[in-house]
Amino acid sequence: DGGITQSPKYLFRKEGQNVTLSCEQNLNHDAMYWYRQDPGQGLRLIYYSQIVNDFQKGDIAEGYSVSREKKESFPLTVTSAQKNPTAFYLCASSLLPGQGAHEQYFGPGTRLTVT
Amino acid sequence: QKEVEQNSGPLSVPEGAIASLNCTYSDRGSQSFFWYRQYSGKSPELIMSIYSNGDKEDGRFTAQLNKASQYVSLLIRDSQPSDSATYLCAVNIRGGKLIFGQGTELSVKP
Chain A
10 DGGITQSPKY LFRKEGQNVT LSCEQNLNHD AMYWYRQDPG QGLRLIYYSQ IVNDFQKGDI
70 AEGYSVSREK KESFPLTVTS AQKNPTAFYL CASSLLPGQG AHEQYFGPGT RLTVT
Chain B
373 QKEVEQNSGP LSVPEGAIAS LNCTYSDRGS QSFFWYRQYS GKSPELIMSI YSNGDKEDGR
433 FTAQLNKASQ YVSLLIRDSQ PSDSATYLCA VNIRGGKLIF GQGTELSVKP
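Top to bottom, those sequences are chains A and B.
All the letters of the first sequence, read from the start, carry residue numbers 10 to 124 under the numbering used here.
All the letters of the second sequence, read from the start, carry residue numbers 373 to 482 under the numbering used here.
None of these hints come from the bench; they were simulated from the model.
There could be a bad hint or two in this list.
To be verified - Computed, partial: chain A to chain B, Cβ under 10 Å:
1) Phe64
2) Asp68
3) Ala90
4) Lys92
5) Glu112
6) Phe115
Positions of the beta carbon are idealized from the N, C-alpha and C atoms, including for glycine.
Please build the complete structure, drawing on both the sequences and the hints.
So this is what it looks like as structure tokens:
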């Protein structure tokens, strides 16, 4: 089955600890994205990548870091510098504009709670 | 002005009625428009995409786009309780990036 997987589904951490969220896709998509969703809010873009070894900041990149060493994988690290890390984190992927329909498809999400 | 605006709701309709969800956007250069459905606690699921002016139908769903008015809507015919969810409008404003509205909560009452 083609799709996007995120792990873990739930994650609990103490304040001051870095944590890495996993995102893997086997859709052969070039573009991958990380979003954050807070209760009652829409999605806000953290980082995105359109090619291996390259990525760009989104609207709320402060306190986060990413890597894109493989086309299939785009892990997100929530660092201790992120002031309000508790949220629902969503990974998505798509074809690039120009490759055809570039709808974004989402993984199941990781719900991070920091206390 | 927000780049993508939706009424937050909740929008309540009786079972079998037509639910109408609306979205406006600010960037006239936007080319691609998407509707996602998100059940509580779950991730968004793409239900419709529309790229040109007019209507696009898929089963009980119809997306309508009016670029001159910067307006995109989603109609759900014969609404079912299982349609109760939050509906997110997303607009491709810059390259492959999407800007999302805050979502409209729909409640379909049996």
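These are the hints, each one checked on the structure:
{"no.": "1", "hint": "Phe64", "verdict": "violated, 13 Å"}
{"no.": "2", "hint": "Asp68", "verdict": "holds, 9 Å"}
{"no.": "3", "hint": "Ala90", "verdict": "violated, 24 Å"}
{"no.": "4", "hint": "Lys92", "verdict": "violated, 21 Å"}
{"no.": "5", "hint": "Glu112", "verdict": "holds, 5 Å"}
{"no.": "6", "hint": "Phe115", "verdict": "holds, 4 Å"}
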